[in-house]
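Note that the protein sequences, when read in sequence, are chains A and B. Using my numbering, the first residue of the first sequence is number 17, and each one after it goes up by one. Using my numbering, the first residue of the second sequence is number 26, and each one after it goes up by one.
Don't read these hints as lab results, they were simulated from the structure. This one's a predicted model, so the numbers in the text were calculated from it and none came from an experiment. Idealized CB from N, CA, C, for every residue including glycine. Errors might be hidden in some of the hints.
[Unchecked claim] Selected chain A positions facing chain B (Cβ under 7 Å, derived; list incomplete): (1) Ser44; (2) Tyr48; (3) Pro110; (4) Lys115; (5) Phe118; (6) Gly119; (7) Gln120.
[As the list claims (entries may be wrong)] Here are the simulated DMTMM-like pairs of lysine to aspartate or glutamate, each with C-alpha atoms no more than 25 Å apart in a straight line: (8) Lys84(A) / Asp40(A); (9) Lys115(A) / Glu78(B); (10) Lys82(B) / Glu95(B); (11) Lys82(B) / Glu26(B); (12) Lys53(A) / Asp75(A); (13) Lys96(B) / Asp17(A); (14) Lys70(A) / Glu26(B); (15) Lys21(A) / Glu78(B); (16) Lys53(A) / Glu78(B); (17) Lys87(A) / Glu31(A); (18) Lys53(A) / Glu104(B); (19) Lys70(A) / Glu31(A); (20) Lys87(A) / Asp40(A); (21) Lys115(A) / Asp81(B); (22) Lys70(A) / Glu78(B); (23) Lys53(A) / Glu74(A); (24) Lys84(A) / Glu58(A); (25) Lys115(A) / Glu95(B); (26) Lys82(B) / Glu74(A).
If you want the building blocks of each chain, they are given just below.
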Amino acid sequence: DQQVKQNSPSLSVQEGRISILNCDYTNSMFDYFLWYKKYPAEGPTFLISISSIKDKNEDGRFTVFLNKSAKHLSLHIVPSQPGDSAVYFCAASPQGAQKLVFGQGTRLTINP
Amino acid sequence: EAQVTQNPRYLITVTGKKLTVTCSQNMNHEYMSWYRQDPGLGLRQIYYSMNVEVTDKGDVPEGYKVSRKEKRNFPLILESPSPNQTSLYFCASRPGLAGANVLTFGAGSRLTVL
Chain A
17 DQQVKQNSPS
27 LSVQEGRISI
37 LNCDYTNSMF
47 DYFLWYKKYP
57 AEGPTFLISI
67 SSIKDKNEDG
77 RFTVFLNKSA
87 KHLSLHIVPS
97 QPGDSAVYFC
107 AASPQGAQKL
117 VFGQGTRLTI
127 NP
Chain B
26 EAQVTQNPRY
36 LITVTGKKLT
46 VTCSQNMNHE
56 YMSWYRQDPG
66 LGLRQIYYSM
76 NVEVTDKGDV
86 PEGYKVSRKE
96 KRNFPLILES
106 PSPNQTSLYF
116 CASRPGLAGA
126 NVLTFGAGSR
136 LTVL
């Protein structure tokens with residue numbers, strides 16, 4: 017039972033354009049959402065997060081949007097840079113639980 | 026440098042031969058956790074620890090053991106490894122504050138069980 021789903025295994029975007037990564041969830045008890053970025057042979061690193069009481073959070077080139085009614089989360093990267101090429105994981109935290117539930121990941125490739 | 030260190034990074038073993046993957050963090054974090062990453066499944070939690078001598082099961086604990094005798098160390102023990110435990114394993118830690126779910130991950134340990 018995949019509670020957090022990233023339906024696009026891969027995404028290819030031209031350098032300088034916007035990258036949009038999507039994530040859907042099923043558990044309405046999730047109250048905190050995060051995006052992690054992972055390079056090959058390294059562990060995931062935290063990128064940006066959003067609380068369920070907000071619908072948008074920005075940090076430089078990265079913006080996360082939360083649509084609670086649709087149970088949908090998206091990460092926008094603008095402008096996209098070659099160093100953004102990585103696997104991106106969406107994660108959610110159930111209220112009161114001591115874990116993160118991860119999506120399957122989306123491999124983003126930024127083309128020069 | 027603040028980090029989570031896992032060893033070994035790569036290991037090939039055979040069915041039934043006990044092994045331990047070590048994890049150590051230098052950030053004085055109360056909370057530590059183990060995840061495994063498999064294709065198409067993302068990362069799934071195996072075990073976690075809220076503090077010394079306090080451990081609990083995650084979503085996929087079968088075939089694994091953990092211990093937390095010291096705050097900095099959280100080893101993952103496979104008593105009798107089987108091929109379905111072939112996976113990429115990550116240790117992670119964070120401060121013990123409730124709601125602070127930003128984990129710091131180690132670089133990963135790729136385990137192959139033949």
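Hints numbered earlier in the text: which of these fail when held up against the supplied structure?
1, 3, 11, 13, 14, 15, 16, 17, 18, 19, 22, 24 and 26
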